[in-house]
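As given, the protein sequences belong to chains A and B, one line each in that order.
Using our numbering, read the first sequence as starting at 487 and increasing by one per residue.
Using our numbering, read the second sequence as starting at 487 and increasing by one per residue.
Be a bit skeptical, because a hint or two may be false.
No distinction is drawn between identical chains; accordingly, a pair holds when it is met within one copy or between any pair of copies.
The list that follows gives simulated cross-link-like pairs (lysine-lysine, DSBU-like), each with its CA atoms no further than 30 Å apart [stated by the list, open to error]:
no., residue 1, residue 2
1, 951, 991
2, 907, 1020
3, 909, 951
4, 955, 1050
5, 700, 655
6, 712, 910
7, 804, 671
8, 1040, 951
9, 1020, 765
10, 700, 716
11, 953, 1040
12, 1050, 953
13, 909, 953
14, 809, 1012
15, 1040, 507
16, 516, 804
17, 910, 1040
18, 955, 664
19, 1020, 1050
20, 804, 1040
21, 1050, 907
22, 765, 506
23, 953, 765
24, 910, 1050
25, 1050, 951
26, 953, 516
27, 804, 991
28, 507, 804
Read the hints as simulated data drawn from the structure, not as lab findings.
Predicted, not measured: the structure shown is a model, and the values here were computed from it.
Number of protein chains: 2
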Amino acid sequence: MHQQCRQCCSKTCTASNVRKKLPILTWLPKYSVGALQGDIIAGLTVALTVIPQGLAYASVAQLPPQYGLYSAFMGCFVYCVLGTAKDITLGPTAIMSLMTATFATSPVTGDATLAVVLTLMCGIVQFVMAILHVGFLVDFISVPVMSSFVTSAAITIAFGQVPKWLGLKDIPRAFFPKVYWTCKKLPETNVWDLLLGLVSLVILFTLRRLQNVKWRQTDDLTLGQKISRKILWVVGTSRNAIVVVTASGVAAILISQDVDVFSQTTHVQPGLPSFSLPKFSLHSGNVTLSTHQLFQELGFGLAVVPLIGLIETIAIGKAFARKNNYEIDANQELLAIGAANIVGSFIGSYPVTGSFSRTAVNSESGVRTPAGGLFTGAVIILALAVLTPLFPYIPTAALAAVIIAAVINMVHFRMVIYLWKRKKVDLVPWTVTFVFSFVLGIEYGILLGVGISLFLLLYPWARPKVKIKHQEVAVIQLSNGLLFPGVQYVTERVNRQALADGIAKSAVVDFSHVTDVDSSALQGLKQLSEDFAKRDTMLVLSNVDPEVLDVLNKANFSHIKYCKTNEDAIQLIYGKLPPVHTCLVHSTK
Amino acid sequence: MHQQCRQCCSKTCTASNVRKKLPILTWLPKYSVGALQGDIIAGLTVALTVIPQGLAYASVAQLPPQYGLYSAFMGCFVYCVLGTAKDITLGPTAIMSLMTATFATSPVTGDATLAVVLTLMCGIVQFVMAILHVGFLVDFISVPVMSSFVTSAAITIAFGQVPKWLGLKDIPRAFFPKVYWTCKKLPETNVWDLLLGLVSLVILFTLRRLQNVKWRQTDDLTLGQKISRKILWVVGTSRNAIVVVTASGVAAILISQDVDVFSQTTHVQPGLPSFSLPKFSLHSGNVTLSTHQLFQELGFGLAVVPLIGLIETIAIGKAFARKNNYEIDANQELLAIGAANIVGSFIGSYPVTGSFSRTAVNSESGVRTPAGGLFTGAVIILALAVLTPLFPYIPTAALAAVIIAAVINMVHFRMVIYLWKRKKVDLVPWTVTFVFSFVLGIEYGILLGVGISLFLLLYPWARPKVKIKHQEVAVIQLSNGLLFPGVQYVTERVNRQALADGIAKSAVVDFSHVTDVDSSALQGLKQLSEDFAKRDTMLVLSNVDPEVLDVLNKANFSHIKYCKTNEDAIQLIYGKLPPVHTCLVHSTK
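Please take these sequences and the hints and turn them into a complete structure.
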């Protein structure tokens, strides 16, 4: 026993297995000064993006701004050890922030207990999924459902920022009431907030153009040209930081002059988060949630959030692996984000996953290894240590602009046209996801979308196409396998055909497309066999796959015969061939 | 517009359609004295069975005994008008009683508000399902899941009666605590209850043998022999009534002698139920449930109970239709039980469906048309009007014996052996359903069972078998269709094969088993096409189904070519055949 354990241990703990689970062991020994240079530049650039984004996304998650930064650094460290893709950066994202707000909105404003427990549970679920190798479950979320989910999430998030942009107060959270009250309260708009938001948006969109500019490629660039292009790219990339810092500066100056015109961020706890086990109950003022109630609040978020997180990381990872010609191991990615969430929950992070925009920044900044994340993380910790006292100066309208500019690109209505032209039936899951995301909430939208697309996948099993060639006997061809959802239907159709013209006829069922039968099918065939015996007619199965025949033989139906082809079966029915001659198996007793 | 409406109306309201929806119009005009005789005898015999069963099942549903009778008569009347099978009798069943206790246990002992609302909602769901023709949803409950569900329900119900049999008080409802406390409280057993229950069980099992006795068939029976056989059959069939009446008589006599030894039924409201709209809120003592809370209590019972009800009726209906050579219309049955539940909720019924045991009694008693139900219903109403004052005399141990004897037959462990021999993988859903029925509760058991069997059905779509024949190019054959769950996996496999030996190779993908592609597949193929173009190799699809080819052509992949056979495809890759010659479609631009 002891020896077996040791053997098993030594089998799983081979060098190659450990290296697979700890990818850092592969790249660290080969680490070079060149790589370090690339990683430092990329790490700093990503930090410039993630700090303003984190502060902004925290408000989408209905949390105080520092939680955006708490969520931003631990993922970088963990991913450096466990990640397989050099480009991916983990951290807060718009969609995960929305998910946090959806499933873990605390009854106490600004309290993160629920969100942090969600992070821990999300991490554990992802980690266990990785160990069980069931990450393929995300494959059951189809492209139209995912696209529709992202579009409606982006609309929800963007519209969620409109009241903040306009400086409106006391707007409800649900989508339609929010639209209604935002319109109704339009006259209460804070013109300064509106103006600041508008200016921020214009700057953000302009600077994005700068980042994406395609310069003419020539070989004879002067050093000056090279540097100026690089500077323009850096300015474009750090547009969020520029907008937030400038807006905060303006606000600070105005406040120092006793002009307090902008709506501002509140509730900021200075300094670094403490490292401690998440709390599993909530006591604040007159609100108390026991551990049980807390988990009840999270509900099926415990299943949805880990999957959404996984799908985001995998989608991003695959896109960049294709672009930069490397392979990612989906299961290892799941392990990495699971670990990042588990560890993150100890420092008050809300659920994190791979961020598309920052992964792109990372890649374009020339990152060489996952070590880039170390520098990003270090800068974030520095910011938390030093900058928190300045956070209350950040105008909410500037953060709203950052979010709106970030998510507006995720709205992707072209998919509707694509589906209309290519595959109209896929518009059904798209529409279901979209409509119910707004009517019932984003979490029900995706669940119903997945449900309807699975239904469309399963329907042919329940109502398989049955081709009927009416020769002198009924010849019935099944276009699908025969498994439990279709058994009742097929047996009924066969019986009906055998009785179609008022007299009982023999029947041939062509099994050429049946690659598997289950116990429900065996019971159905037993019924059929008895029905045909009672009517004193013959039931012959033709073209039966050898594996299927094995199962049927074991079931030993007394009145079913098997033939190689439909023609043989018909001949057999007419008595022109002796059963022994043509039948694959002769089971009459 | 008005005319269109009228046309549409006249189309749906044809005589044949009306007759289909109201089957009574078909059989009533042909009704004869002979049929009346058969229906009266069968109706009375069924009433003799349903009255004691109803009183007993009400306790399974955690309701006072009269609710079993409230639930027993309306179904008979409604089914007489809407039902298609002469044999089926609707009313309270063991499983629906357990479902009522599971989903609609009132916080107030003896209050039926929740159960009645469940009846109404269950009826509405079934009615709507009938109108939408989505009754086929029950086909997704496979034989192993249903069998396991029935077995664990029977065990739950039977064990639930043990404390009543033994006269134990204050036993918790959940299964394992119930077992624990029953064992712990064994010393408190009321010996009189134990004895009465034991005697009742012995009588019930003996009389059932009498009912099922197979007499030697001879033609020269004397009238006396015929009559005595008939009497024995009637005694066997009315065994429940005999046991309950006798036990109540004994109890009444003992009570009149001031000997009060048996645990007895309590809370009986005399007389007929009043006809009124179900209440949608509950106020009783210090318990208050608003409409919203009430629906929250019912939870996913609103989805599960209608389906279980449908599956019971359909299974029974089909079994008897096969036995007695007629056809039932599954959708019309759904309509009938839906209507029965809707109307039943107005007289305080809990959810009803077809009862297997009473349908068998009905059939064997020689019922001729659904009119038999009228007589059953009339007798039940009479019993309610006259007998309710006597109900408190019924010893609970006798009712417990009736239930145990009724459900013990539903325990069906032979299925495990059947599955082991025939199809081992189907043991998985069986076991999941069984284990979780006890661990989490019967409702989660069936849900998880359905989940796992759907998963087993879907898994081959996510990980389709991919056969690889390595000739000089990679030839990849898909054994399944290409739809969203498998797209990522297939594209990865194809890419990996094309890069297998360290150099980029061209590939042929054999599409002969692909009968459908969706938009996710199109996106996957687009990626593949780009990947092969980037590597400057060729990707050829062979054996493409014409319908699939149509969809692919619309998507217009610039780097995918199509050939009729794998051989042609390989020739094309080696440049031995000009593309125009063999390709079905030539889409290079």
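Verification of the hints:
Only within a single protomer do residue 951 and residue 991 lie at most 30 Å apart by alpha-carbon distance; the minimum there is 21 Å, versus 38 Å between protomers. In the homo-oligomer, the alpha carbons of residue 907 and residue 1020 lie at most 30 Å apart only across protomers (26 Å), although the nearest pairing inside one protomer, at 52 Å, exceeds that limit. Taking the closest pair of Cα atoms, residue 909 and residue 951 come within 30 Å of each other both inside a single copy (20 Å) and across two copies (25 Å). For the identical chains of this complex, residue 955 and residue 1050 are neighbours both inside a copy (17 Å) and across copies (27 Å), given an alpha-carbon limit of 30 Å.
Taking the shortest Cα distances, residue 700 and residue 655 never come within 30 Å of each other, neither inside one copy (42 Å) nor across copies (82 Å). In this assembly of identical chains, the alpha carbons of residue 712 and residue 910 never lie at most 30 Å apart, being 49 Å within a copy and 69 Å across copies at closest. When the C-alpha separation of residue 804 and residue 671 is checked against a cutoff of 30 Å, the pair qualifies neither within a copy, at 44 Å, nor between copies, at 62 Å. In the homo-oligomer, the alpha carbons of residue 1040 and residue 951 lie at most 30 Å apart both inside one protomer (27 Å) and across protomers (25 Å), since each shortest distance falls under that limit.
Taking CA atoms no more than 30 Å apart as the test, residue 1020 paired with residue 765 passes in neither setting, with 69 Å inside one copy and 52 Å between copies. Proximity of residue 700 and residue 716 under a CA criterion of 30 Å is satisfied intra-copy only: 12 Å inside one chain copy versus 97 Å between copies. Taking CA atoms no more than 30 Å apart as the test, residue 953 paired with residue 1040 passes in both settings, with 28 Å inside one copy and 28 Å between copies. Taking the closest pair of Cα atoms, residue 1050 and residue 953 come within 30 Å of each other both inside a single copy (19 Å) and across two copies (24 Å).
Taking the shortest alpha-carbon separations for residue 909 and residue 953, both the intra-copy value of 25 Å and the inter-copy value of 28 Å come in at or below 30 Å. Taking CA atoms no more than 30 Å apart as the test, residue 809 paired with residue 1012 passes between copies only; the shortest distance there is 15 Å, against 55 Å inside one copy. For a Cα distance limit of 30 Å, the shortest separation of residue 1040 from residue 507 qualifies neither inside one copy, at 45 Å, nor across copies, at 43 Å. For a Cα distance limit of 30 Å, the shortest separation of residue 516 from residue 804 inside one copy, 24 Å, qualifies, whereas the shortest one across copies, 71 Å, does not.
In the homo-oligomer, the alpha carbons of residue 910 and residue 1040 lie at most 30 Å apart only across protomers (12 Å), although the nearest pairing inside one protomer, at 44 Å, exceeds that limit. Taking identical chains as interchangeable, the C-alpha atoms of residue 955 and residue 664 are never at most 30 Å apart, the minima being 60 Å within one chain and 59 Å between chains. In this assembly of identical chains, residue 1020 and residue 1050 lie within 30 Å of each other by CA distance solely inside one copy; the values are 25 Å within and 47 Å between copies. Taking the shortest Cα distances, residue 804 and residue 1040 sit within 30 Å of each other only across copies (26 Å), while inside one copy they are farther apart (46 Å).
Within a single copy, residue 1050 and residue 907 get their C-alpha atoms only as close as 43 Å, which misses the 30 Å cut-off; across copies the closest is 26 Å, which meets it. Taking the shortest alpha-carbon separations for residue 765 and residue 506, neither the intra-copy value of 34 Å nor the inter-copy value of 62 Å comes in at or below 30 Å. For the identical chains of this complex, residue 953 and residue 765 are neighbours neither inside a copy (62 Å) nor across copies (51 Å), given an alpha-carbon limit of 30 Å. For the identical chains of this complex, residue 910 and residue 1050 are inter-copy neighbours only, at 27 Å across copies versus 39 Å inside a copy, given an alpha-carbon limit of 30 Å.
Both within a single protomer and between protomers do residue 1050 and residue 951 lie at most 30 Å apart by alpha-carbon distance, with minima of 22 Å and 25 Å respectively. In this assembly of identical chains, the alpha carbons of residue 953 and residue 516 never lie at most 30 Å apart, being 63 Å within a copy and 38 Å across copies at closest. Taking the closest pair of Cα atoms, residue 804 and residue 991 come within 30 Å of each other only across two copies (21 Å); inside a single copy the shortest separation is 57 Å, beyond that limit. Taking the shortest alpha-carbon separations for residue 507 and residue 804, only the intra-copy value of 19 Å comes in at or below 30 Å, while the best inter-copy value is 55 Å.
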